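Colleague: Residues per chain are reported as follows:
There are 2 protein chains.
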Amino acid sequence: MSLVRAFNISMSVDGFVAGPDQSIDHPLGLGGEALHEWVFPPGGVSGTDAEFAARRERGVGATIMGRNMFGPIRGGWGEGDWRGWWGEDPPFHHPTFVLTHHPQEPIEMAGGTTFHFVTDGIESALARAHDAAGEADVAIGGGASTLRQYLRAGLVDDLHVVVVPILLRHGEPLFADLGDALADYRIAEHVATDRVSHVRLVHSRTVE
Amino acid sequence: MSLVRAFNISMSVDGFVAGPDQSIDHPLGLGGEALHEWVFPPGGVSGTDAEFAARRERGVGATIMGRNMFGPIRGGWGEGDWRGWWGEDPPFHHPTFVLTHHPQEPIEMAGGTTFHFVTDGIESALARAHDAAGEADVAIGGGASTLRQYLRAGLVDDLHVVVVPILLRHGEPLFADLGDALADYRIAEHVATDRVSHVRLVHSRTVE
Numbered sequence: 001m002s003l004v005r006a007f008n009i010s011m012s013v014d015g016f017v018a019g020p021d022q023s024i025d026h027p028l029g030l031g032g033e034a035l036h037e038w039v040f041p042p043g044g045v046s047g048t049d050a051e052f053a054a055r056r057e058r059g060v061g062a063t064i065m066g067r068n069m070f071g072p073i074r075g076g077w078g079e080g081d082w083r084g085w086w087g088e089d090p091p092f093h094h095p096t097f098v099l100t101h102h103p104q105e106p107i108e109m110a111g112g113t114t115f116h117f118v119t120d121g122i123e124s125a126l127a128r129a130h131d132a133a134g135e136a137d138v139a140i141g142g143g144a145s146t147l148r149q150y151l152r153a154g155l156v157d158d159l160h161v162v163v164v165p166i167l168l169r170h171g172e173p174l175f176a177d178l179g180d181a182l183a184d185y186r187i188a189e190h191v192a193t194d195r196v197s198h199v200r201l202v203h204s205r206t207v208e
Numbered sequence: 001m002s003l004v005r006a007f008n009i010s011m012s013v014d015g016f017v018a019g020p021d022q023s024i025d026h027p028l029g030l031g032g033e034a035l036h037e038w039v040f041p042p043g044g045v046s047g048t049d050a051e052f053a054a055r056r057e058r059g060v061g062a063t064i065m066g067r068n069m070f071g072p073i074r075g076g077w078g079e080g081d082w083r084g085w086w087g088e089d090p091p092f093h094h095p096t097f098v099l100t101h102h103p104q105e106p107i108e109m110a111g112g113t114t115f116h117f118v119t120d121g122i123e124s125a126l127a128r129a130h131d132a133a134g135e136a137d138v139a140i141g142g143g144a145s146t147l148r149q150y151l152r153a154g155l156v157d158d159l160h161v162v163v164v165p166i167l168l169r170h171g172e173p174l175f176a177d178l179g180d181a182l183a184d185y186r187i188a189e190h191v192a193t194d195r196v197s198h199v200r201l202v203h204s205r206t207v208e
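One line per chain: the protein sequences are A and B, in this order. Okay, so the first sequence: first residue is 1 according to my numbering, each after it adds one. Okay, so the second sequence: first residue is 1 according to my numbering, each after it adds one.
Just so you know, the hints here were simulated from the structure itself, not pulled from any lab data. Small disclaimer: the values here were computed from a predicted structure and weren't measured. Check before you lean on any hint, since a few could be wrong.
[Said to hold, decoys possible] Some but not every residue of chain B turned toward chain A, in silico, with C-beta under 10 Å:
{"id": "1", "residue": "V13"}
{"id": "2", "residue": "G15"}
{"id": "3", "residue": "H36"}
{"id": "4", "residue": "V39"}
{"id": "5", "residue": "I73"}
{"id": "6", "residue": "E79"}
{"id": "7", "residue": "P165"}
{"id": "8", "residue": "Y185"}
{"id": "9", "residue": "A192"}
{"id": "10", "residue": "V207"}
Yeah, the Cβ is synthetic: ideal placement off N, Cα and C, and Gly gets one too.
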């Protein structure tokens, strides 16, 4: 069964998944890069951390992201020459749906990634992503606001949170404004390593 | 040097250190008991978790707590026959200062615990606790609101947070309304076990 998953959602101990003041120099907000150092430690990631980090590579056929994850541009797309943070060969390698209020033609990148721009809401984006993924899973890439919208709507089957021992103090919280959406989730997995704690939340309807 | 410490502050993955609707039946709020199961697992606590759990027993000469941690009574003390949640021999064994707006005579318990009621604020309570503790440390027992007040005022030297893989969804957050107080803290220790992650925040002025 095709599931909706979010992988490697790295959260500071004080609850933030991105720092404040995202910009072209700070795609993850001020201080936000430290959230992902567990994936890129000196000497390379290994063991349990590596196993978790690699899960996003397996069985995912489409990704959805918010426009802030796609780029630093706000409002209209202007000249339309922004092609994402990731260079010409982004790490998705499948159709990738960007939520926006501003229509834009699809952008085909190298390596199988095509960015599609969806202007009619999160459910429409999910339907298109499921179509594109077929039997494979759909990943919610982020950022925080997009993920919270899908959580609030009860549309995420599997959420992998990585609790990172840093303090950000400001930024984008993960667990905020979710109403009672989390009442439908259980902790399905908890594995701690020297660097972080991996916690996986699974929706009660979800058969793994 | 005498330090101000908070021990075993157990926080759900979604950031709460107590559940909602504290009452005489639910001293830690609805669902809040699950925060402390790591201290009382079947078979008893052991290893790293036991070592952390026991730190509060060592070198502490006074405790400060909010009135909600002392009891479920709100407003005035009424008949004054409430003597805390812990029975006749509370686990503090030293002078214990309860923050309240309502004066009350000290209550002497068995085992060395005397509850003193402080009506003139957190700094006064801390001064009295330091006096009582002498060379020993002062513990901020909780609850969340009291701890946040001391953090906001920059008065906590050492905060031991235990991230517990449960979801509470509602209740008392730890990291909220702290302004920039956390800018003065560093992560001094991070140790994960099968059950929880221990994270220790230490103030930048603090010499351990």
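Colleague: Next step is simple, just say for each hint if it's right about the structure.
Modeller: Against the structure, the hints come out as follows:
Look at V13(B): its Cβ gets to within about 5 Å of chain A, closer than 10 Å, so that hint holds up. Interface restraint check for G15(B): the shortest CB-CB distance to chain A comes to about 5 Å, inside 10 Å, so the restraint holds. For the restraint placing H36(B) at the interface with chain A, the shortest Cβ-Cβ distance is roughly 16 Å, beyond the 10 Å limit, so the hint is violated. Because the beta carbon of V39(B) sits about 17 Å from the nearest beta carbon in chain A, more than 10 Å, this interface hint is broken.
About 30 Å separates the beta-carbon of I73(B) from the nearest beta-carbon of chain A, more than 10 Å, and the hint is not met. Annotation: E79(B) was flagged as interfacial toward chain A, and the flag is violated, the nearest CB pair being 39 Å apart, outside 10 Å. Contact between P165(B) and chain A, as hinted, is supported at the beta carbon level, the nearest pair being about 4 Å apart and thus within 10 Å. The interface hint given for Y185(B) is met, as the beta carbon of that residue sits about 6 Å from the closest beta carbon of chain A, less than 10 Å.
At about 3 Å, the closest approach between the beta carbon of A192(B) and any beta carbon in chain A falls short of 10 Å, and the interface hint on this residue holds. The interface hint given for V207(B) is broken, as the beta carbon of that residue sits about 20 Å from the closest beta carbon of chain A, more than 10 Å.
When the structure is compared with the earlier hints, violations turn up for hints 3, 4, 5, 6 and 10 and for no others.
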